[in-house]
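Spelled out, the chains give:
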Amino acid sequence: MWSYLTSLFAVIAVIATQSSNFFNRNSHTIVWFSKADENVIYVQARNTGRQQAVLRQYRLNLDALNIEPEKLFLTTEDLQNVMNVIPANGQARIGLIVRGLTPKQGFTRDQILQDVDEGSKNGILEIAIEESDGPRTKNDEFEAYQLRELIRNKLQERKDGK
Amino acid sequence: MVNEKREWLHWQLAAALSMIFALQAHSGVTTFRKVEIELTGAECDKAPDHIWLIFDGNDRDLIKADRDRSVTPAPCIWKGSKEDGPALEARRPYSVRLQGARSDCRYADERKAGNEYIGFLKFAYEPSNAVKVTITPDPIKFYVSYEREVPQIEAGSVACLEGAFFLGSKSVDDVMFPLETLRLSFAQDLKHVEKPDPWISVDDPLWEEFKGGTWLSPDAIGAAHVRSTAVRPVGSAARFRVNEGSIVFTKLKEKGLKQVGVKVE
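Listed in order, the protein sequences are those of chains A and B.
When you line the first sequence up against the numbering used here, it's residues 29 to 190, in that order.
When you line the second sequence up against the numbering used here, it's residues 3 to 267, in that order.
To be clear, the hints were calculated from the coordinates, so they are not data collected in a lab.
Model, not experiment: these values are computed from the prediction.
Positions of the beta carbon are idealized from the N, C-alpha and C atoms, including for glycine.
Hints may be right or wrong, so weigh each one.
To be verified - No more than 20 Å apart at the CA atoms, straight line, and that leaves these computed lysine-lysine pairs for PhoX-like:
1. B:K114 - B:K36
2. B:K193 - B:K255
3. B:K66 - B:K124
4. A:K166 - B:K66
5. B:K172 - B:K143
6. A:K63 - B:K84
7. B:K134 - B:K81
8. B:K48 - A:K63
9. B:K48 - B:K66
As the list claims (entries may be wrong) - These stretches of chain B come out as covered by chain A in the derived footprint (C-beta under 8 Å, 3 or more residues):
10. 92–103
11. 155–163
Put together the whole structure using the sequences plus the hints.
Here it is, written out as structure tokens:
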């Protein structure tokens, strides 16, 4: 009986390992907001798969605060260190530069800053990722209040005055 | 007899289940964010005030540690913490970069301090002649991936692989031959950065063999080091032409790489 049990557990262990390998054969990346200063948003990325992933494009969605969506850019240092490549079973922290933020039509800078200080709105980070089995877009929702210094620094009045 | 068999079966099942629960419990790894590093050796007080800790082979996410000066005279203890990202685990390799020296790789001991765990690490320190290796691909728009392989050198140390990538020209700091082997590879796009092929190895036998030599041609490497090349002595720069010879160089030429500058200082 003991030998049957041993065999059974051995088979279960092998099946569990093989299934885990099978399900993780491609890259599988998650991203999340880490912190921000006046100019840069820091993002953590973790790849639990068995192949590398590449973070390709970055966008900040502050729709809830009536701010136009803004494309973000890797910092020069992270660009040189190729931090946007997330190795198999690895992680990285990247810095994303915010060049400027613009209010949506009909909203002023002061109105938006007041909303930010109230602290009830969320922002969304949208990151296009080249997983080993195809492109994906991953979002992370976070409290926009964490960007208050950055918004204060980067938000300008609309140039068209509308 | 039947009861005996049943009882025996129950015991076996209980043993098997305990084994599974024990394994599950073991997989619940303790994590921590703070580390204390002790450097041993007569000259440990000469080690720099700021050192860098490498966790789990990640050579691009260094953890800064500062010498503990809270007591006088300052002991050879450095303290650091990993502020964000996944926390640290004891049973993964750690090493330190010491601005002119590097350590072997070791696991940490986790100890409870109040309500939190702290990782403790101990490395032997002696001033050394570790070098800075600057790699410059031509054309410059190549991605360079490097891997540093350190074997287990004594009881208590563990073998480890450390590495990172970069675009264009950059230095790899505190490279210590013969303790480690440095492998370089080149990719023209991001898709192949992590596991590019082939590797160029810069290891100690080659380092010694070509010390003081002139230009190193791929033909000189020949069959003995089909996947390898070497660097010229400290303080000088070598350029490896990628237009002839071994499989390595043929493959690199196919990628569009003309030459690679390797400067050691």
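Status of the hints after comparison with the structure:
1. B:K114 - B:K36: Measuring from Cα to Cα gives roughly 11 Å; hence the hint holds.
2. B:K193 - B:K255: Answer holds: K193 of chain B to K255 of chain B is near 18 Å, not above 20 Å.
3. B:K66 - B:K124: Roughly 16 Å between the alpha carbons, so the hint for K66 of chain B and K124 of chain B holds.
4. A:K166 - B:K66: 31 Å, violated
5. B:K172 - B:K143: Roughly 12 Å separates the two Cα atoms, so the pair holds.
6. A:K63 - B:K84: 14 Å, holds
7. B:K134 - B:K81: 25 Å, violated
8. B:K48 - A:K63: 36 Å, violated
9. B:K48 - B:K66: 18 Å, holds
10. 92–103: violated (count 0)
11. 155–163: violated (count 0)
When the structure is compared with the earlier hints, violations turn up for hints 4, 7, 8, 10, 11 and for no others.
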